[in-house]
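Novice: Each chain, letter by letter, is given below.
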Amino acid sequence: MITINVTDRDGQLHQVQAHPNDKLMEVLREFDWGVAAICGGMCSCATCHVWVAEAWGDKFPAREMDEEELLEFLDGFKPGSRLSCQLELRDQHDGLVLELAPDE
Amino acid sequence: MVNRIVILGAGQAGVQVAIGLRQGGFNGEVVLVGKETHVPYQRPPLSKQILKKEWAAERCQLRHLEFYEQHQIQLLQGVSARALDAAKQQIVLSDGSSWAYSGLAICTGAGLNRLPVPGAELAGVYYLRDLDEALELSAQLRQGARLAVIGAGYIGMEVAASARSLGCEVTVIEAQDEIMQRSAVPAIASYLREFHAQQGVRIVLRSGVKQIHGDGRVQSVELANGETIAVDGVMIGVGVRPEIAWLADSAVQTNRGVRVDGHCRSNIENIYAAGDVAELEHPLLQGWQVLESVQNAVSQGNLVAANILGGEQTYTETPWFWSEQYDQRLQMAGIPRSGDTLIRREHPATGGFSYFALQGEIMHGVQSINAARDYMVGRQLIGKQTPANPALLADHTSNLKDLL
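Residue numbers (the numbering used here), protein chains in the order written: chain A, 4 to 107; chain B, 225 to 628.
Since the hints were derived computationally from the structure, they do not count as laboratory data. Predicted model, so just to flag it, every value in this text is computed and none were measured. Some hints could be false.
The calculated label-pair distances, taken between Cβ atoms and stated as ranges, are [as the list claims (entries may be wrong)]:
1) B/GLY584 - A/GLY14: 40 to 48 Å
2) A/ARG66 - B/ALA475: 47 to 55 Å
3) A/ARG66 - B/SER414: 55 to 63 Å
4) B/PRO410 - A/GLU107: 25 to 33 Å
5) B/GLN422 - A/THR6: 46 to 54 Å
6) A/TRP36 - B/GLU357: 34 to 42 Å
7) B/GLU282 - A/HIS17: 22 to 30 Å
8) B/GLN609 - A/HIS17: 49 to 57 Å
9) A/GLU57 - B/ASN491: 47 to 55 Å
10) B/GLY248 - A/GLY14: 42 to 50 Å
11) A/LYS81 - B/VAL316: 47 to 55 Å
12) B/GLY302 - A/HIS17: 33 to 41 Å
Here's a subset of chain B near chain A, in silico, CB distances under 10 Å, partners left out [said to hold, decoys possible]:
13) PRO268
14) GLU548
15) GLN555
16) THR574
17) TYR599
Yeah, the Cβ is synthetic: ideal placement off N, Cα and C, and Gly gets one too.
Please construct the entire structure, taking both the sequences and the accompanying hints into account.
Specialist: Right, dumping it as C-alpha cells:
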C-alpha cells in the first residue's frame, strides 16, 4: 500500500491508501469529495483533472497528446495539470501530493 | 410520513442520484432498485474493453459493492418497477414488495429495439443488452469467427471494430445509406466507414435483413436482396427506446420518454427522471430530446439529487458523447441542426479533423476525429453560445483559444 495526499475542492486534506498499479482516477472516484470521471477512464472528458505538486511532476510519464489537448484550454490548466485516469500508481508514488481541480 | 427516496434503475443515472443524495447530506433512506444481479456497472466498456477481453468484468463496476453499504444505500438487485401509484406515493416492484416514498427518481434507462425477423431468437444472436451478453459474445469472438452486425449505429460499429481487432470476419448490415446516420455528420460517417473497410470489415448499406437462418444455432443471415451471408454469430444493434411501458397506467406524463421540465421534474412534484429515460427541452437544443449518453445520465443524476434536496437547479449542460473504433477517437458535443453550416478544420500533422456546425457564428455542434483540442474548444463555445468566426475555425493555424 502507498499513501497519497489529496487536497479536495474545499481545501480539505485527505490521506488516501492505494495499491501500486491502481489508476489514480479509480482511487479518487471512490470518495464523496473525489473526481467525477464521467467517461470512465477513456481520456475523453477531462472530468478527472488534478494538479500534481511540482515535486512529483516528473515521477509520472509526460502527458500524451490527447491528454494535453483536453487539458490545455481549461480555465484551471497549470503546469501540474493531469488527467488522473492516465496516471498509474507505483511504489515510488508513496507520499504523492496533489490537488483536485475544479469541475468545468 | 416516510423519508425515503426510491431510485428506479441502477445504471449510471440511478447510481449518480444515490451518490448525489448522500453527498448532498440527505440522511433519510435511499433505496436503489436494479433489475440486474451484477454490482451496478458502466456500459461503454461492453462493446470495447469487455468484448476485446482487455478488462475483467469487475472493472466495469461504477462503485464497489461495499460503497453502497458504507453510504447506507439499500441496493435491491434483480428487481424492477412494476406499478406506480403516484397518489399514494407508493411503488410496487417485480418481487411483489411495495415501497412508500417521499421522492421518486425514474432512471429506468432504455430498452432495446428488437429486430422483427424470423430467426432473431436463435442461439448465437446477441443484442449486447448487458454485461452477461457482452461476456457471452466476447467468448465467441475468436480469430476467424464470422460475425454479422445488424445496424450501423455506435454500438454496431464499436462491436465491428472490436471483433475485427480480434481477427474475426465482420460484415455490417445497415438499412440506411450511411453508417451512424442518426448522429454523425456525413463526412465523419464516411471517413469511419472507409476506415472500417480498410481494416477489412465488409459494410452492406441500404439493405434490410429478411431472415436469420439456423438449426437451433445461427448459421446465416439472409438479406432482403436475397444474398445469404454465412455466420457464426450475429450482433443486433438497432437502437433503443426509453423504458416507460411500466408507467402506462400511472399519472406520470410520458411521450417518447418521461416528460420532465428544466429541473428534471415530471408532471408530478416529487417524481423526477434522469438519463436515457428522460425527455426534456434543452436550452441548447431544438425541441424535446431524449439524450442517450453517459454524460447526460451523470449530469442529470446529480441535478435530480440536488433538486430532491430542495434545489431549483436547471439542466443546461452541453451534451457530449464519444466513441472509439480501433485507434480512432470520435468526440462530439452539442447536436448539429438541419440548415447549419458545416466548417471543416484539418490538422495535416496528425491526420485529425473536426466539423463545427454553425448557424451564423453560433455553434450548435462539434464532431472531432482524433482532434481533442477542437472538441474541447467547441464544447465550451456551444455551452457559452459565444460567437465564433467560421474563417478562424477553418484555419488550422489559428489559435482556437482566441475564440474563448
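Novice: Next, verify each hint and record whether it holds.
Specialist: Hint check:
1. A hinted range of 40 to 48 Å holds for the C-beta pair B/GLY584 and A/GLY14, which are about 43 Å apart.
2. The hinted range of 47 to 55 Å is satisfied by A/ARG66 and B/ALA475, whose Cβ atoms lie roughly 52 Å apart.
3. Under the hint 55 to 63 Å, the C-beta atoms of A/ARG66 and B/SER414, about 32 Å apart, miss the expected range.
4. Under the hint 25 to 33 Å, the C-beta atoms of B/PRO410 and A/GLU107, about 31 Å apart, fit the expected range.
5. For B/GLN422 and A/THR6, the hinted distance range of 46 to 54 Å is satisfied, since their beta carbons lie about 48 Å from each other.
6. In this structure the supplied range 34 to 42 Å holds for A/TRP36 paired with B/GLU357, their Cβ-Cβ distance being about 36 Å.
7. In this structure the hint that B/GLU282 and A/HIS17 lie 22 to 30 Å apart at CB holds, the actual value being about 25 Å.
8. The beta-carbon spacing between B/GLN609 and A/HIS17, approximately 37 Å, falls outside the hinted interval of 49 to 57 Å.
9. Our hint of 47 to 55 Å for A/GLU57 and B/ASN491 holds, since their Cβ atoms are close to 54 Å apart.
10. B/GLY248 and A/GLY14 have their C-beta atoms about 19 Å apart, which leaves the hinted 42 to 50 Å range violated.
11. Range check, A/LYS81 to B/VAL316: about 53 Å between beta-carbon atoms, so the 47 to 55 Å window is met.
12. B/GLY302 and A/HIS17 have their C-beta atoms about 35 Å apart, which keeps the hinted 33 to 41 Å range intact.
13. The interface hint given for B/PRO268 is met, as the beta carbon of that residue sits about 6 Å from the closest beta carbon of chain A, less than 10 Å.
14. At about 7 Å, the closest approach between the beta carbon of B/GLU548 and any beta carbon in chain A falls short of 10 Å, and the interface hint on this residue holds.
15. This hint holds: B/GLN555 has a C-beta 6 Å from the nearest C-beta of chain A, less than the 10 Å allowed.
16. For B/THR574, the shortest C-beta to C-beta distance to chain A is roughly 8 Å, which falls under 10 Å, so the interface hint holds.
17. With its C-beta approaching chain A no nearer than about 8 Å, B/TYR599 sits inside the 10 Å limit, and its interface hint holds.
Figure legend: structure checked against the earlier numbered hints; hints not met, in rising order: 3, 8, 10.
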